[in-house]
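**Student:** So you can see what is in the structure, the chains are spelled out below.
Protein chains: 2
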Amino acid sequence: MRVLVAGGDGFCGWPTALYLSSRGHDVSIADNLSRREWDRELGTNSLTEISEPGSRVARWKEVSGREIEAFVGDLTDERFVYETIERLRPEAVVQFAEQRSAPYSMIDRSHAVFTQVNNVVGTMNLMFAIGELVPDCHLIKLGTMGEYGTPNIDIEEGYLTVEYKGRTDTLPYPKQPGSFYHLSKVHDSHNIMFACRAWGLRATDLNQGVVYNVDTEETASDPVLRNRFDYDGIFGTALNRFCAQAASGSGITVYGGGGQTRGFIDIRDTVRCVELAANHPAERGEFRVFNQFTEQWSVLELAQLVERVARSLDLQTELAYLDNPRVEKEEHYYRAANTRLIDLGLKPHLLTEETVERLLVMALENRARIEPETFAPRVDWRKPDYR
Amino acid sequence: MRVLVAGGDGFCGWPTALYLSSRGHDVSIADNLSRREWDRELGTNSLTEISEPGSRVARWKEVSGREIEAFVGDLTDERFVYETIERLRPEAVVQFAEQRSAPYSMIDRSHAVFTQVNNVVGTMNLMFAIGELVPDCHLIKLGTMGEYGTPNIDIEEGYLTVEYKGRTDTLPYPKQPGSFYHLSKVHDSHNIMFACRAWGLRATDLNQGVVYNVDTEETASDPVLRNRFDYDGIFGTALNRFCAQAASGSGITVYGGGGQTRGFIDIRDTVRCVELAANHPAERGEFRVFNQFTEQWSVLELAQLVERVARSLDLQTELAYLDNPRVEKEEHYYRAANTRLIDLGLKPHLLTEETVERLLVMALENRARIEPETFAPRVDWRKPDYR
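Chains as they are written, first to last, in the numbering used here: chain A, 2 to 388; chain B, 2 to 388.
These are calculated hints, taken from the structure and not from any lab test. Backbone N, C-alpha and C define an ideal beta-carbon position, used for all residues, glycine too.
If you want a taste of the chain B side facing chain A, the calculated C-beta under 8 Å gives, among others: (1) 129; (2) 130; (3) 133; (4) 165; (5) 168; (6) 191; (7) 200; (8) 382.
Okay, chain A solo, but in the shape it has when bound:
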């Protein structure tokens, strides 16, 4: 299948591009390399050293014999999108090319506006280019489980069948996102759902949980192919950040009481889910939603798991409970459906002590690169800042 992976230089996009290529798909990537730029802006870095995009695709060709064409450009640049889609005429577009950090979107007004415009306009440009040039192409869009928030009823996959005052309907699941980033994904979902209805676009929205782990078989196969490992307070997500904190001798930072429960997924399952979606495309006009996570964990449970494994490796660490910088419930009901990808054949990698240990070892090996001052949360959800 001819697939364009937008955001193909990023934490999820790069492993996905390699995985799809290794599975025999004809893969191209598009990326504006902004994730690397944001590290410079924020003084953050990847715990693993990552290669330049050109070296990555060249090395992949050496080790696999397979070519990945790389387009450097920005999805908010409408000419770039049109010309790339026109040239490739892809059968599927995987849309990872969004600003994906909730804290980044909450820094101030300009980061909030940037996140929403970047994400929403980039995806609109893709939608229109597909709709005009390759209307049969399948848009596979990365959303987030965070779109749903924490309702007091079960979370279903995209839709909710409601009985109300003696009548019934199946409606888009109500969304309660918790940051300007999560909001941008909700905006995308509504926009794409409409384009499916109006134009007959075919789309799959993958509402992904928090991704942990770093490497897939492909990215681990050569140092030049290695994936990034974010561990700071802006881009580092729960489990990976906890491992870097434990490896560096810092406290494992739990926000509030840590009772927040979320869906999690191993990056090795992320890449497989995308292929499953691509191999079983949505129908024309269908806006299909899969909840892409494999297990629910509370933040505290994860932190305690990392602490336990770290101690078994003789690392000195402990939990550091911080005032929660976010606005979120710390004790809440959470039960989310995730059967549709399993039904398509996903065999989940569940989170094991072995995985945590491997992450801790990776963090220890790269300990010299850790900048512990970047662990702390720097963004306060409660304070609007006009800058």
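Model the placement of chain B on the given structure of chain A, informed by the hints.
**Tutor:** Okay, now just chain B, sitting in the frame of chain A:
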């Protein structure tokens, strides 16, 4: 009360500014005058001749003795917003300053992107300015009944209490908007709801129905104060456009079978609803939603009403059934709640033959200004156009 009416040069904003001023509030307006520019872009015009903004506020001072300060600028210009809010320190901001035509948003990619960026970013700038500078200020935001679409259950005012699998929660009402314009309002609603939760913003979202009629007591009191009367296929909405069509001897254009049912409101009630919201502000942290319409009509019923009154005035007209350029159900359940503004004291002007007759007479008096070629729908919902 010190009130800023953003979009205060527009069809709803100008009458609202005058009404609030006449009721003793200290009113300023902000507007980038883009609505006048879009008429030049599209070759459309107001059936009534409207004065320049400067003449309008000068005449208002002459006839009422009351001053309305006018700020010319764009809400997507973050400095303009900050400086205006800082200077005025309003107690309420009424946000009408959005691109408000569904067909305009569906012209092509660039109009769709413009509509979403213009509306969403302008409102975000207002939210951040209020949050940082005047956190107690009440944001009164114009939404639309079109955010809800046409679900097969009753439409409530902003929220839906769901019982599901033995559990219950009150959730944001699921939205199924039918154009990139309507989508932009849904995005606004989600963004504002979040800011209420995170920052303690106080906001009222007025989900307004289709507005008909033209003048209020204030705009009718002097020719220079007169309101605009849109009648074309892009900016003209059902009833007003039908009256212009009947007065010009053109057919009354019904899209499809005309079974589409919507909520409608007289512009004299629009201005009153805004004052009711302002006089009874939302609480800090509250995202309050009022459905701002007074009656439900099907498009066909409205067209038949106009036809009947037109014939009583000896006008030759008939209904012209056009292929529906929009993607919408033509036969559907529709029952929407609208009690919250009534509970605050709204006394609706229901739609009468007298109102239709007055609109027809106004259209006849200005018949020479009608450009009948602008009646036809020019935008096809089903065809994405990348331009």
